[in-house]
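Trainee: One-letter residues, chain by chain:
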Amino acid sequence: MSAVGDDHTGSLTMTAARRPSWRLDTIALIAGLGWIAVGVFTLQWPEEGDFARTPEFGNAAIGFGALLALLSVAAGWSPVIATRLKAVSRWLVVLAVWFGVWEAVTAKYALLPMPFFPPPQAILEVFLDDWRRLGESVWRSFALLGGGYLVGAAVGFITGVAIGWSRAVGYWVHPLLRFVGPLPATAWLPLAFFLFPSSWSASTFLIALATGFPVTVLTWSGIAGVSKAYYDVARTLGASERFLILKVAIPAAMPHVFVGLFMGLGGSFAVLVVAEMLGVKAGLGWYLQWAQGWASYANMYAALAVMALSCSGLITLLFKLRDRLLSWQRGLVQW
Amino acid sequence: MVASARVRDAGGSAGSTLDVRHVSHAFALEGAPLPVLEDVSFTVEPGQFVALLGPSGCGKSTLLRLVAGLEPPSSGGLVTDGRPIAGPHPSRVVVFQDPTLFPWRTVRANVALGLEAQGLLKTQASRIGEALDLVGLSGFENAYPHQLSGGMAQRVALARALVNEPSLLILDEPLGKLDSLTRLAMQAELVQLWQRARFTALLVTHDVEEALILAERVIVFSERPARIKADIRFDRPYPRHRDDPALIQARREILALLGVPD
Ligand SMILES: Nc1ncnc2c1ncn2[C@@H]1O[C@H](COP(=O)(O)OP(=O)(O)OP(=O)(O)O)[C@@H](O)[C@H]1O
Ligand SMILES: [Mg+2]
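Note that the protein sequences, when read in sequence, are chains E and H. Counted from 1, the first sequence has number 127 at position 127 by full-length UniProt numbering; the numbering is strictly sequential. Counted from 1, the second sequence has number 40 at position 40 by full-length UniProt numbering; the numbering is strictly sequential.
Mixed in with the good hints there might be a few duds.
Unchecked claim - Derived coverage of chain H by chain E (criterion: at least 3 residues anywhere in the stretch with Cβ under 8 Å from a Cβ of chain E; other residues may be distant):
1) 89-95
2) 100-112
To be verified - Not everything, but these chain H residues come out facing chain E in the computed CB check (under 8 Å):
3) Ala68
4) Leu70
5) Asn142
6) Tyr144
To be clear, the hints were calculated from the coordinates, so they are not data collected in a lab. Model, not experiment: these values are computed from the prediction. Even glycine gets a Cβ: it sits at the ideal position worked out from N, Cα and C.
Bound-form chain H, shown alone (with noise of 0.2 Å):
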């Protein structure tokens, strides 16, 4: 473990590649199968930002538990630089749904999560302070959980994981639990983040703007099970504005294709 992270740190932190062939997945509820993900295969392109959209309970969050390595697909494969993902490894951190902040760990030690489990604490701990700083949580590194609003406990979920320095950086609704101006502040951050750091970004939203201020593609998915509906390039430089003709443009016709008059 540690002798793959050092190899990752001299090779410098590009992003990966990830491919999703033909997986489909499958629950068992009350002893029958409920079928989640149906035949979904896509490619991402080292260093790209992919958001997922899809309506709710639709199997994105199955999706990436399956990329993360914390379940194996029902039938299908996931391959990452080349190798099949076989379970969990911090080059693919995920940024989970609910922020699941370690309740007896102070904030700074809930940062410091990965780095002591890899046993690179001794050696890499000044990146604790920088990712603190990242997300604006600076002086709060003595609190405890329960010390901390919603928002800013989304945000030590994210510095939790950006400390890794991923190479596949797996974002479950981040921004779903910030008001409205963290997160616009938020939405920036993590675009300068990703083009500072060019890892792979797989972001799931419910917020059509915000995969288009944030994403270089967006991937549709239907109902459950879920399918994919649509794969849409969408190459527009950065920073975005929500007022940019083409952002709105693309924003209807994504909107209409999950059934949302605009």
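Isolated chain E (complex conformation) (with noise of 0.2 Å):
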């Protein structure tokens, strides 16, 4: 759906695009030169305090600009180059005001308390003085969040196929979800840390426990939700139970079991960091932490930004995953 949507608008802008001969994406300009000026700015300014990489980023900022108007220069020529700038270039002027604003209120002018708002100049600084603990940070939360979150994905997908099919097991099973489930993961931190023989086994399976319980609720539900008809067709073909399972209600309940793997995600971040926090002693979370016992702000603005690229890219990598599965389901629903 949105899909052929976004082919019909790229191909107008397309024709858009070339019929005047040369044109020149005009936000995409004002956007460039609105970065120079940032870069401009940050270099010639005097400064209210003493900052390591000021060059360094008015370089950056002047050299992003100058990019930005070359290309906003060639999307004359190239329909390609002209489709993606314009998608981003409304947003590169507000941004280039952004760090215009915020280089000004904090570094030149000081007009926010110091240690707590660094200037831009401050974070890049920090990427380019500590990327090594901050790389070995995002990794150790990545193998963390990544064993957990498997695990709990694939309990709760195979509780979830038991219960939606089995009357004996979700006789079992419902009762301890409902009662268990609704308590916050982080709830068990303390009982966990105590009772599993490393904090990293703890975490594991907090983090599995967060992701479990919406996976193993959502699938319960795409299967109990599946039509009967499709197990009547199967049935009069010869299916036999396996069949009905793996081929039948299985792939019938899959766009549940993704808002399940979509929930379990978001609730697994909240359990690693404060797992991180709490006991791990490595991570992003542990990081954060860190950097506020140092009283080193600008380390916590950087490890917050890539928490939530991070965050934000896990999320994307799901949504693609279900893009690629669940592709049948296009032209049925809106997305």
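Given two chains presented individually in distinct reference frames, assemble the corresponding complex, making use of the accompanying hints.
Mentor: Structure representation (structure tokens):
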């Protein structure tokens, strides 16, 4: 649905870009000039304080602005660049303004209290000087999250299918799920750190728990909601019980399963950060805690930015996976 | 399951007999029993084409579900080829009133469903293309159900049944959703198919003319609870024509039975 719509507007802009033989993307050019202005302002204006990476930030802003200006001209020749640029150009203008104001109220005029609100160059400094520790933290977080999430998703999926399919399993598991499921996984934290041999295994368990609950419930409701007519068709064609589960119930329930996987991923982020802050001593959550201990607020902002980027990256990845597996749904529901 | 299918292949796909013996059926609707079928008895010979006619909601689809083995009757029994019907079997395939294609499967994969369920996909895959050819849908193998028209979907459902080479084909208004032109073409196709494969056919339809174009025998049911009101033999050679005086005469009689003045 939306893909078709995009293609359509895409081809429209292409013809619009081609007909007047040469046309510049004005908004992108404004964005480019804005970024150059931010860079010049950063480099030339006197600072209230001493920041090591001011030249790098200023030059980067000028370089980025120059690149944008070049692309805004190149958009006249290349429809591909034109469409790509058009999609982001207004945001780039707003970001230029944002960075300009940020630079002004922190480094240049110190209108905001200093250690709590570092200027952009201070955060760039963290990336340039502390990337090793930051990278290590990202890697540790991913490893912990990945293990827990995969275990939780797999267990949740199997449990959900079992409850949805078998009355006997439902009888025993359903009350457990009703009673224990709504408890936030973080509530188990003190107990888990005490019961498990290592903080790593305790955290894996908690992340799996946070993921497993929504995946179980949604898989179950997906399986329970499969139309009886599908089973009738399959049964008259000679389907065994195994076939009914694997080839009818599970594919029909997949859209629900994915809703559970999305919810589980969101929940697992929360548990990951808390677990890292309280016990694991590694990963981005720990990095945040550590930065706060040293009152290095620039490091905290940098870590938050990396965390936001990682989380949204993982969500995007899951979206891509769903788009692949559930492409048949495209014509049936609005994405 | 695989073994029984092989036996059927080896023995040729002649139609099976169907014996419906004093079948009554009732549903529970809001606690009270709702009688739907009342003492229905008839015997279908191997290879016979039988049409079932009756008012809407009288219980025709219910009878077909019992024949398919999807539900046991409240009382009475159903027997095919001397064996009681205890559950569904791929030799008795149903084309349901709704096409109920699996939306996550392509047209080809939908048609392959029966072969896949019976473990015949590896050896018998060529049948899928033949079945799709038969219903005029070659070229749409990779389409998804939501990309088909209602009539095309119903034809896929027909192909999905035919690919199993059933000995008893159960058709619940399979042409109901088709436009009138496609419908006429499919009626002719169905007759040819039946003459070639000699399966036994049980067809529910609302269209008296369709029943008389296709069937050798028409069973007319009463209002719910359905009882057999008339059992009419109609032995005319195929292909039949709508303007055949005998057909027009039979049509008038059946419409009168159904309480519709002609
Ligand atoms: N699962 C069910 N539970 C309760 N009542 C049912 C059920 N299935 C069918 N019925 C009832 O049984 C009666 C017969 O239904 P059936 O579908 O067999 O009718 P039909 O003759 O096929 O009608 P139509 O020609 O409109 O398709 C209807 O009154 C319906 O409400
Ligand atoms: Mg019906």
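Trainee: Against each hint, give a clear statement of whether it holds in the structure.
Mentor: Evaluation of the provided hints:
1. With 5 residues having a Cβ less than 8 Å from any Cβ of chain E, the segment 89-95 of chain H passes the three-residue criterion, so the hint holds.
2. Counting residues of the segment 100-112 of chain H whose beta carbon lies closer than 8 Å to any beta carbon of chain E gives 5, which meets the minimum of three for the stated coverage.
3. The restraint placing H:Ala68 at the interface with chain E holds, with a minimum CB-CB distance near 5 Å, inside the 8 Å limit.
4. The interface hint given for H:Leu70 is met, as the beta carbon of that residue sits about 6 Å from the closest beta carbon of chain E, less than 8 Å.
5. The restraint placing H:Asn142 at the interface with chain E is violated, with a minimum CB-CB distance near 11 Å, outside the 8 Å limit.
6. Annotation: H:Tyr144 was flagged as interfacial toward chain E, and the flag holds, the nearest CB pair being 5 Å apart, inside 8 Å.
Consistency with the previously given hints fails for number 5 only.
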